[in-house]
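Student: Could you slot chains C, S and W onto chain P? The hints should help.
4 protein chains.
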Amino acid sequence: MIIVMKKNCTRDHVENIIQLLKEYGLGANLSTGSQTTIIGVLGDKTKLSDANLELMDGVEKCVPIMHSYKLASRDMVPEGRTVRVGNVTFGAKKVVMIAGPCAVENQEQILKAAEGVKAVGAALLRGGAYKPRTSPYSFQGTEEEGLKMLRRAGDETGLPVVSEVTDHEQLAFAEQYCDMFQIGARNMQNFRLLREVGRTGVPVLLKRGIASTVEEWLDAAEYIMSEGNCGVVLCERGIRTFETATRNTLDVSAVPVVRERSSLPIIVDPSHAAGKAAYVEPLALAGVAAGADGLIVEVHPNPKQALSDAAQQLTVDAYASLFHKAAEVARAVGREI
Amino acid sequence: MIIVMKKNCTRDHVENIIQLLKEYGLGANLSTGSQTTIIGVLGDKTKLSDANLELMDGVEKCVPIMHSYKLASRDMVPEGRTVRVGNVTFGAKKVVMIAGPCAVENQEQILKAAEGVKAVGAALLRGGAYKPRTSPYSFQGTEEEGLKMLRRAGDETGLPVVSEVTDHEQLAFAEQYCDMFQIGARNMQNFRLLREVGRTGVPVLLKRGIASTVEEWLDAAEYIMSEGNCGVVLCERGIRTFETATRNTLDVSAVPVVRERSSLPIIVDPSHAAGKAAYVEPLALAGVAAGADGLIVEVHPNPKQALSDAAQQLTVDAYASLFHKAAEVARAVGREI
Amino acid sequence: MIIVMKKNCTRDHVENIIQLLKEYGLGANLSTGSQTTIIGVLGDKTKLSDANLELMDGVEKCVPIMHSYKLASRDMVPEGRTVRVGNVTFGAKKVVMIAGPCAVENQEQILKAAEGVKAVGAALLRGGAYKPRTSPYSFQGTEEEGLKMLRRAGDETGLPVVSEVTDHEQLAFAEQYCDMFQIGARNMQNFRLLREVGRTGVPVLLKRGIASTVEEWLDAAEYIMSEGNCGVVLCERGIRTFETATRNTLDVSAVPVVRERSSLPIIVDPSHAAGKAAYVEPLALAGVAAGADGLIVEVHPNPKQALSDAAQQLTVDAYASLFHKAAEVARAVGREI
Amino acid sequence: MIIVMKKNCTRDHVENIIQLLKEYGLGANLSTGSQTTIIGVLGDKTKLSDANLELMDGVEKCVPIMHSYKLASRDMVPEGRTVRVGNVTFGAKKVVMIAGPCAVENQEQILKAAEGVKAVGAALLRGGAYKPRTSPYSFQGTEEEGLKMLRRAGDETGLPVVSEVTDHEQLAFAEQYCDMFQIGARNMQNFRLLREVGRTGVPVLLKRGIASTVEEWLDAAEYIMSEGNCGVVLCERGIRTFETATRNTLDVSAVPVVRERSSLPIIVDPSHAAGKAAYVEPLALAGVAAGADGLIVEVHPNPKQALSDAAQQLTVDAYASLFHKAAEVARAVGREI
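Chains as they are written, first to last, in the UniProt record's numbering: chain P, 1 to 337; chain C, 1 to 337; chain S, 1 to 337; chain W, 1 to 337.
Excised from the complex, chain P in its bound form:
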């Protein structure tokens, strides 16, 4: 933490701050320039969270230098973490391909989807049972029955399954049916939910909030990890910007940024970023080229009849095309699928 003093600060102002830091067991390094005075705080800055230095007389601003997350940081595990879900490993050489419909609608639909994506080569099956929807009048998901149907589809095809949880009360039930929990973008800062999935041993796919910085996202991962669950996989799924040509703007730069700052695997969701089937493939390939550890793609046996997000779901054939090109791109960047 750097404390920048006002131009007209007095010697007393500076002394008071140094005194305060001392009370917190921290040291101070004074840097008196021609135009301004700067105080470097020495020691563990977490002690300072309640000190409110910005309000001290003579202070212009405080500039944080360190991250607030620790377990999620790259420093902690410089070689990178891996996360295992069934027989699948995130963060290894293989790019993990997750696919399935937006929502589990009925047993036949999810089974057909599972068989379709399995035949193409997907490694995990996705399907939403608890659906957070913007309007209360939209289809709200098949909930517990949906999870059971998803599990059956996973079992029949030998695919581990991932599904979104939106409330900690669902965890005890969902744990019996899911190999991986997804935390959706809207719940990225639902801290109670984060803590509770942190108390399960179930790996977590943590989507980035629509308006969250990478730093806030890593802080959210830290909530899960600080409860003892380090099986967190990050998922970039597009952020909200002024551009309306796509549903969201895929922030593909998040892949190298996360790689630099965090040890956690990161995958890309081109479907929610695009919001339109025609753009899903190019965004998926961009994600792999940028170094993503996996892709989560919405695939529906018959998108025209989908109960939600119809416009962005691929047919199994379109997914097969994406899959084979993604495999080529993966090879081009030294990975495989």
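Heads up, some of the hints might be wrong.
[To be verified] Taking lysine to aspartate or glutamate and the DMTMM-like style, the derived pairs with C-alpha atoms no more than 20 Å apart in a straight line are: (1) P:K94 - W:D57; (2) W:K93 - P:E328; (3) S:K304 - W:D57; (4) S:K7 - P:D75; (5) S:K61 - P:D75; (6) W:K304 - S:E60; (7) S:K70 - S:E216; (8) S:K61 - P:E260; (9) C:K304 - C:E115; (10) P:K304 - C:E54; (11) W:K325 - P:E328; (12) S:K118 - S:D155.
[Said to hold, decoys possible] To be clear about the criterion: a stretch of chain C counts as covered by chain P if any three or more of its residues have a C-beta under 8 Å from a C-beta of chain P, and this derived list gives those stretches: (13) 56–70; (14) 128–134; (15) 183–196; (16) 230–237.
[Said to hold, decoys possible] Just a few of them, taken from the derived set where beta-carbon distance is under 10 Å, the chain C residues facing chain W: (17) A28; (18) G33; (19) R84.
Note that these hints are calculated values from the structure, not bench results. Yeah, the Cβ is synthetic: ideal placement off N, Cα and C, and Gly gets one too.
Tutor: What follows is chains C, S and W alone, placed relative to chain P:
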């Protein structure tokens, strides 16, 4: 709903869509222009949520014409709704002044804050007990004890109290202590929580999500109202933009936009928008001038010792200055405080 | 400037930087914390623009501490600058009311507009002659003839006139007809144009770029001022965000932020921010309440026949209503109109 | 164009609009639904730019259906346009590799850069001579001398050269030295400059404005094309969002969006998007994977001594690594370099 056809669409494409609409009990109005064909959908479009017209062959795009919210819309109550909390009414001539600390820290602090803002003239007391914090290592609130302390401070000063709830499990307890629930920006799309507060009879202060459009915000209000609780007051508290000079960007335009589209009262939170005490007063005055039905301002008996959001909390003296100027501005626009 | 070193930086890395700073005639202040090392740069940092410290081995990042603008800064003229245009002063107690049509269309229209806004009480007349339009197929302005018509309307009503210049070649001509030049949002970083208006003695109304930070805006003002023209008035006119309910999002916080950082007067343009006549009045009042030194409002004698921006132009009657309420709000905050 | 009427509009309101459309030689298609009335406008909507339908009584809003650009649209040349610069073709199978320093600093530097990137395999040389800089106190470019040095470096290495023009007065001179003009992000809506480069026969690299939508970008291209110059290559270089981990946010989705809407080639600039050398390679690969027709990358013989944008320029060695990986990715998506 308007369906815009592709330039090269065939007669069959158009026929298929008209046929599909028929199956949903809807009519179609064909508009064949020199450059494109447009189909207007006649009837209740909510039947269409599962029809996925965008994927039909020949379709360029669908343009929604109507809102998805009903109870929250202006049409429903053209003269505007009022919401009563204790002896206070939101949406009437009086601009409702809510004030208090970011967090309830201890009995003495909240009582001092309550006495301070009461003496100035505030109508409601605020104070956070359940604190959602970006980092798991920050102060997390005094929780149940905090609510009790808040209640006591409210009772001693005769002020109704409002406090944030972050989880539906808190409601049964919180209901005994709060006159109004606050749903914070991060939980604006925590749909389970919205539904559950909708099932209580407690008035709700619904903050706008940091990256939520006005439409999504009104959809969130609709979640609460569709459960039978129409006591919703909206609160603009700044949105996330590229500008970093302020913590968020106060979208003061939201006041007239909401006024036009919705019957619900809307207030302004200048403290979270500004993130800096020096900007709170001008933003508060701007909110009142734009027609806000109230202001919620963070006031702390000693901001330098605050456990959270220290930089944006006002002293009681600074609040008194804001209050008196706000009263002048309210009069200037035909309101009072 | 603060240089934050990497955790694993060596003593040699630090020495190399101190050596480099020395070569630039700068001092270094070393702050070795438990977790990181920080180097404070002492002396005039402008010498460093070509030093590229971020690329030195061992450097994590550089954190700028000082602004790059000087003449535009508050420090330079702590009491604030005033800018005089004809008999009007920006930055004094009086809130300056500028009004007129988006575009000068013909002599009758601009004269009628001038008479209308003059009767209401406006102090300056606006009217665009050179119109920057998004599409090449839209109406492009009346150009030189427009300026002459504007001048005549100003002369007949006794109002000084302000009009946008979009190219430095227009200046010699425009200078004969305008009392104040406007630089539009799209040209805020047209540095050649900024320099050239800086070389005239004509006061400048500098609109904020649609995606420009306050810092970049003040840097743009500095371009004008560094050529000797300190008659710069800033104009907040809305920024681009994700919200589409308004044409742009009025960043009313920019008023107190600019007030704190800069000595230049700042006015508000509610018309371009709103993009819709119904929202112009509340945004105008918000601007005055927040402390703006003026308002520039689009007023057309017959908006339905306007050749551009029809939706956001007010009738003279609507302007009269806005004007009188703005006068009340001005009084409420210790100003007048 | 679709006109959506207010719920409470009268029959007269509708009649008036139909009458007005008739006066403009346009037809109307009436669609009277259960909840609202919609009028489809039949005929050439460009006639309507001055009609201001939104202000007619009873009108809720107007929804545009067609683009305002024509020459830039995909419809015009469905198979896509190609743009030839020297012996290089944009929009063909080959991904065009442009490289060179941010700024031409001196003859030795630009020649060394040219030789370096030529040896790696680049097809075009870039180098800025007229530099638009945020602060007036930053290095402003070598201007005319710079262009001559760039030309010499291009001639000695056999590489065509591209350089930014910031003012139409530079064109006559620059035309003698450049094979392609670049219009920078800040000038994307400098309409005079667009028109003037449109009147030259020189191919244009048109960067996207930092806050411009794809639609506005294509409108800007239309300005150039409407003057007779169809040699426009679009360049995505990152947009401004709330995320600060990168200088800008690369909107890689713009590649498929432009491909769908426009016939113009599109390339990607990973350097300005990233703002940091370490992120340039992954973003470059993402661009190629998404289908970009080229890459423009900043390469400096010695980035540590660069006079501008030092942090984002690659060494020749780092560029060689990027180049070879990009070639692999290009092959993976059916292209070559």
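Student: Looking back at the hints listed earlier, which ones does the structure fail to meet?
Tutor: Per hint list: 1, 16 and 19 violated.
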